[in-house]
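Heads up: the protein sequence lines correspond to chains H and F, in order. Add 70 to a position in the first sequence, counting from 1, and you land on the number used in my numbering. Going by my numbering, 145 is the number at position 159 of the second sequence; the sequence numbering is gapless.
Since the hints were derived computationally from the structure, they do not count as laboratory data. Positions of the beta carbon are idealized from the N, C-alpha and C atoms, including for glycine. You can trust all of the hints, since none of them are fake.
Per the computed footprint, the stretches of chain H lying under chain F, defined by three or more beta-carbons under 8 Å from a beta-carbon of chain F, are:
1) 252 to 261
2) 345 to 353
3) 434 to 447
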Amino acid sequence: MSTDTYNPKGKFFRWMDDRLPIIRLMHGTFVSYPTPKNLNYWWNFGSLAGIVLMIMMITGIVLAMHYNSSADAAFDSVEHIMRDVNYGWLIRYVHANGGSMFFIAVYIHMFRGLYYGSYKAPREMLWILGVVIFLLMMMTAFMGYVLPWGQMSFWGATVITNLFSAIPLVGDAIVSWLWGGFAVSDPTLNRFYSLHYLLPFVIIGVVILHIWALHIQGSNNPLGIDVKGPQDQVNFHPYYIMKDSFGLAAFIFVFAVFVFYFPNMLGHPDNYIPANPLVTPEHIVPEWYFLPFYAILRAITFDIGIPGTDIVLLDAKLLGVIAMFASILVLFALPWLDSSPVRSARFRPIYKWAFWIFFLDCIMLGYVGSQKPEGIMPILGLVGTVYYLAHFLILLPWLSRFEKPLPLPESISNPVIKATGEVGHEQ
Amino acid sequence: MATDSKDSSTGNGIKRRDFIYVASAGLGIIATGSAVWPLIDQMNPSADVLAMSITDVDLSSIAVGQSITVVWQSKPVFIRHRTPEEIAEARAVPLEDLPDPQTDEDRVQRAEWLIMVGICTHLGCVPLGEQGLYGGWFCPCHGSHYDTSGRIRQGPAPDNLVIPNYEFLDDNHIRIG
Ligand code: HEM
Ligand code: FES
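With the hints as extra help, turn the sequences into a complete structure.
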């Protein structure tokens, strides 16, 4: 096929190729990359996340030209962007909703990996780099949300930085170090701004490693079986360039509906009230994409101690913080917790159910995180948290030993096993 | 060269070259550490922030049953002029009912004036006054209930509301800090 290898045409391109083969690298990445021919639309979300990252960087750099990170001026400067700066409203709404779009794309991308077993050998490093990107994104988005310096910005920052006070002995020193004061205040806002600008560039670096690791082993696919030869693959261009472009158009459409018709739906109205250190809003909620983790943080309301004594080993606050970090960090160990050799849930009759129950558990935790901690909510939160951790720490190791997978197809080109047991013909 | 290093070995087999490696690595670590420390310490509260350390408050205008919030070190401080019922209630609680046992007497200098940092010991929200199951404060963030002495009774917060250092300058004035 003509797009298989890069053939520099023309004097300049040959000259360049001998000195800095960057076009060859791009060609290998976006044109000739051999891709399994059976990828479905769930494989669109990686490239979508990459495009949203670019949109965030461009709109962010433009916002930074008008934003003022002093605690006295930050809120007003965001209103100035909204009312006075030419197209400021558009750029800010794209950036603010872009954060949500980024998380939608990345969450779908991650659940895709969970369903089709993309985290398994030989793609463990690819998965781990993905979890690193996820952590960096959470930090970036958290600090970005502080910048408009509204009530939710301020109190969200207060609650999250106070998490570190749960650390025994050094907790309070760490918190005051993070704040640069005795409360979230001007120095805090300034350093968050500096880091909010920095981290996306770190994310780009890790994304490059992530794509490098992807291209060493190639993409997984919905059948979860290895590529057996060129007959199972097509070149990235034009096949997946086209499929990704179609997906992009659909995604941008949804994005635009939010930006132009519901620009504040995903945000919280209290963030249009300037930060007030003396009044906590009635009900603090983080952005929707943090809600399941917020529910886990609040789930534990009891201390663990030595029974019959007053000795507390781990108090509720520290336990909540540990549970929340564990719920993210457990993803790093996933490739080893699930040791079933079958990747795709299509051929794992029990895991398929476990996946969907886990998915519903995450949705339920998200709902609990959005509600006040009253009535049945604390119990739902606790049950959901225990189930979340048990899914990874108990269910998956158990399933990998006892589940009987369905027979795997011969190859991607030959996906159907005939009733007679013999396999069909190569096309 | 080979004979050289042999000659410089001491009786323990420590070579001159080993010593140089260890010494330069050690110095390198100290140098890196002293270069990194300023980069870490710059994030700690700066001198002007540390300087805002005391706040004086006039209590004369606070009627019985009223509270005010003042700012001390950019933190809210609650000053409550407690009613006799609140004091009685706080003093009637048996210590074993308290997650963070402390008598009401230990928490106040004068029974009618309860002065505490208005920051929930869970994750730092400002609790709301005269609310919650114990008639004291309620933190809406994750549902912590404090009693009329500001002691934690129920919810995720581990400790009682913190009592700052303060002194009565006279009957109507206090200095916090
Ligand atoms: C990983 C990519 C990024 C994410 C997830 C992200 C996320 C966010 C979020 C959630 C907000 C709050 C929006 C609001 O409620 O108003 C925000 C604000 C902001 N971001 Fe970003 N951001 C990213 C990249 C960048 C970059 C590269 C810059 C460049 C300097 C930037 C500059 C800003 C500025 C100046 C604001 C404050 C203005 C505003 O509130 O709209 N961001 N960001
Ligand atoms: S901050 Fe008060 S209950 Fe969490």
